[in-house]
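Asker: Sequence:
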Amino acid sequence: MERPPGHMLRVGGVPLHVVCEGSGPVCVLSAGLGMGWFDWDPVVPLLTGHRTVVRFDRPGLGFSAPPLEPPTTAGEAARIAGVLDALGLGGPATVVGHSLAGFHAEAFARLHPRRTAGIVLVDSSVEEERGAAPARELRTTAAHARGLVLAAAGLPRALGPSLRKLTVRAASVTRQDPAPAELVRRTYGTGRVLRALLMENARYRDVAAELHELRDRHPLPPVPVTVLAASPGTGSAVERRWLERQRALAARLDGRFEAVAPAGHLLMYDRPQSIAAAVLAMPLAPDGA
Numbered sequence: 398m399e400r401p402p403g404h405m406l407r408v409g410g411v412p413l414h415v416v417c418e419g420s421g422p423v424c425v426l427s428a429g430l431g432m433g434w435f436d437w438d439p440v441v442p443l444l445t446g447h448r449t450v451v452r453f454d455r456p457g458l459g460f461s462a463p464p465l466e467p468p469t470t471a472g473e474a475a476r477i478a479g480v481l482d483a484l485g486l487g488g489p490a491t492v493v494g495h496s497l498a499g500f501h502a503e504a505f506a507r508l509h510p511r512r513t514a515g516i517v518l519v520d521s522s523v524e525e526e527r528g529a530a531p532a533r534e535l536r537t538t539a540a541h542a543r544g545l546v547l548a549a550a551g552l553p554r555a556l557g558p559s560l561r562k563l564t565v566r567a568a569s570v571t572r573q574d575p576a577p578a579e580l581v582r583r584t585y586g587t588g589r590v591l592r593a594l595l596m597e598n599a600r601y602r603d604v605a606a607e608l609h610e611l612r613d614r615h616p617l618p619p620v621p622v623t624v625l626a627a628s629p630g631t632g633s634a635v636e637r638r639w640l641e642r643q644r645a646l647a648a649r650l651d652g653r654f655e656a657v658a659p660a661g662h663l664l665m666y667d668r669p670q671s672i673a674a675a676v677l678a679m680p681l682a683p684d685g686a
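Per this note's numbering, numbering of the sequence shown is gapless, rising by one per residue and ending at 686.
Derived from the structure by calculation, the hints contain no laboratory data.
Keep in mind that this is a model prediction, so the values were computed, not measured.
Do not rely on the hints blindly, as some may be mistaken.
[Unchecked claim] Below, simulated EDC-like cross-link-like pairs (lysine to aspartate or glutamate); rule was C-alpha separation at most 20 Å, straight line:
#1 K562 to E534
#2 K562 to D438
#3 K562 to D574
[Unchecked claim] Computed beta-carbon distance windows for the label pairs:
#4 G410 to E579: 27 to 37 Å
#5 G446 to A634: 34 to 44 Å
#6 G485 to T445: 45 to 55 Å
Note that the Cβ used here is the ideal one computed from N, Cα and C, for glycine as well.
Input sequences plus hints: build the corresponding full structure.
Answerer: So this is what it looks like as C-alpha cells:
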C-alpha cells in the first residue's frame, strides 16, 4: 500500500498523522471514539473547494504514535489547537466533532474562544450525569493491561478488521465500509490502535465529567453551533430518546438542531452532504480566516 497522505507533525510531544487539504476558511474534522482520519473521506471532497480541511489521528489511532498519557477534555482541546499551530493556521476555525469528539469540539470553543469560528456537532456524545465514573486510575490501568494482553495474543491482527466491519454495519444505514480493506488492516489490525481505543473508552465518562466542569467555568463564545442528529427512521423509543437528548444539547448551546434521516451514527458515511452543508452554512470569521 502507498504511503498515506499528509504529514507526521509533533504535537504535545506525540507524532501525529495530520492531513490538510483545500483552501479558504479553516475547518477541523475530528472523528469519534477509535476512528481515524479516513472516516471523513466521503465529506472532504464536498468541502475542499471552499475550505481548508484539517484532519488528524488522535494519539494511537490511525497512523499516529501512541499517547504519552490518558485523554482528557482540556488535553484534546489543546491538541486541536496544537495541530492548527503546527500547520501555521492561527485564525479562527470551524470545529466539527463526531460522537466522542463532540466533547472535544465544545471544549475547544470554551477554552480557545478567539480561535473558534463555529461548531458542528455530528451525532455528538451526550452525558447528562455530571460525575466521573469511580476508580479512574484502576480503570485506566486495566485498559492499558488489557490492550497489552490482547495485542500479545495477536487478536488485533486476527479480529480487528472484522470487528471494524461489524461496527460500521451496525452504525450505518448503508451498512458498507467505504474505507479500503488494506487501510483498515494496517490500522485496526494493530495493537497500537486497539490500546488507544480501549483507553478512550475507559476514560469516556471522565472526559464527559470534565466537560461539565468546563461549562461552569468557561462560557461558550458567541459563535454559531449546529447539532446534527442521526435519525434511522425506525420511530423506536430509543431513537426518540436520542433525538430528544440531541435537541436538548442544541438548546443548551443555543444552537441549531437538525435531525438527519435516514442515517445511522456514522453520519459521514450515510449523509456526508448534510455535514458539508452545515459547515458551509457557517458565517465566515470577521477576518476572513
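Asker: Could you run down the list of hints and mark each one as holding or not?
Answerer: The hints, checked one at a time:
1. Distance check on the hinted pair: K562 and E534 sit about 31 Å apart at the alpha-carbon level, beyond 20 Å; violated.
2. Under the criterion of a C-alpha separation no larger than 20 Å, the hint pairing K562 with D438 is consistent with the structure, at around 16 Å.
3. About 7 Å separates the Cα atoms of K562 and D574, which keeps this hinted pair within 20 Å; it holds.
4. Range check, G410 to E579: about 30 Å between beta-carbon atoms, so the 27 to 37 Å window is met.
5. In this structure the supplied range 34 to 44 Å holds for G446 paired with A634, their Cβ-Cβ distance being about 41 Å.
6. The beta-carbon spacing between G485 and T445, approximately 18 Å, falls outside the hinted interval of 45 to 55 Å.
In terms of the numbered hints stated before, the structure departs from hints 1 and 6, listed from lowest to highest.
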